[in-house]
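The task is simple: from the sequences and hints, build the whole structure.
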Amino acid sequence: MPDPTSDRLLDFVRRRLLRQKGLRVDADTPLFESKLIDSINILYLIGYVEKGLGRRLTDDEIVMSNFRTVRVIAETFLRG
Amino acid sequence: MADERLTEAGYASGDNGAAVLSGPAAEMFTRWRHFLAQRFATLTDVTVETPVFIDRQVLTASKYVEHFPQQVFVGRGYRAPRSRPRFLAPATCLHWYGGLEGTTVAGDHLCAFVVGPCARVEGGRAAFPYRLAAFHMAELVVMGPSTVLDGEASAIERMLAQAFRGLGIGGSFRAATDAFFLPSSRGARLMQQLKELKREFVSPLDGHDIAVASINRHEDFFGKAFRISLGSGAPAHSFCVAFGLERLTAAGLLTWGPDPAQWPKALSR
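Protein sequences, first through last, are from chains X and Z. 80 is the number that my numbering gives the last residue of the first sequence; the numbers go up by one with no jumps. 349 is the number that my numbering gives the last residue of the second sequence; the numbers go up by one with no jumps.
Treat the hints as calculated values from the structure; they're not laboratory data. Incorrect hints may appear among the rest.
Cross-link-like lysine-lysine pairs, in silico, DSS-like; alpha carbons within 27 angstroms at most [to be verified]: (1) X:35 with X:51; (2) Z:143 with X:35; (3) X:35 with Z:345; (4) X:51 with Z:275; (5) Z:304 with Z:275.
Here is the structure:
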């Protein structure tokens, strides 16, 4: 079933964060184990989430269990 | 107060952010070192004693100067202010990594117990009794493939938590948020936090949360920086388990008091 929130985040990740062309990334691709996210684009990713939430994330929220994949991020933070 | 209890036990504030240990404090310092060496004996391939000076090249290759210039101590001869500067070691494991530069890890696994003096300025200042500018560090430094090291680091974390609790030192392991090998930028700090690369055993001591041990996963950072490879040619991964011996000594004196007869049997020599 289509998930607009997850799809928008996936589009952001593909267009803005991934520099290598030809990478196949879907909503369930592990972002960190695959080393797709580095110390620069993590800032953009968290900025995207914070913009969607309308507030800054707390340290307790910035844990791997909340950021493992696009789907997890969307379900944790962005689904109204 | 903690400071008075420590001073009475021989843990005295020296000049410039160092501690002078005598009597019970000196004895406990020795016992902690022995305790850690014994606890890790079955894992250890080699024991290493490191000096106070460290090669500039090691600090450069590890990017320590680049990432943490504010923490580096540099010394020169008193009578020779224009002499070549000598760098003080900010962490004992850097000596070990530097010594392995350009080598291949035999059998794809190497575990060293590394002990030596260190000097660094964290957060721009030292705070007695726990955050000293000059201290002794004991580290278990493990190198190998990530598939093996991840499990080993987790097993050591469980073992250490059990050991501390067995000694009556309460607390638990938790993810740390201070930068420790990556740059201190927000992005690097967030990456470190997300991946839980640094975990500390934090103990409540006199109303403060004090980290008495840390497990630091370096991934392949030092393997790449010092060209330390596995048999396959891939960079070795590494982690270290680090202890500040003065900090442990202060924690022990505050937990058990100055009388060695009251200290845990496991800490006896």
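Tell me the hint numbers this structure goes against, listed in increasing order. Number 3 - this is the single hint that the structure violates.
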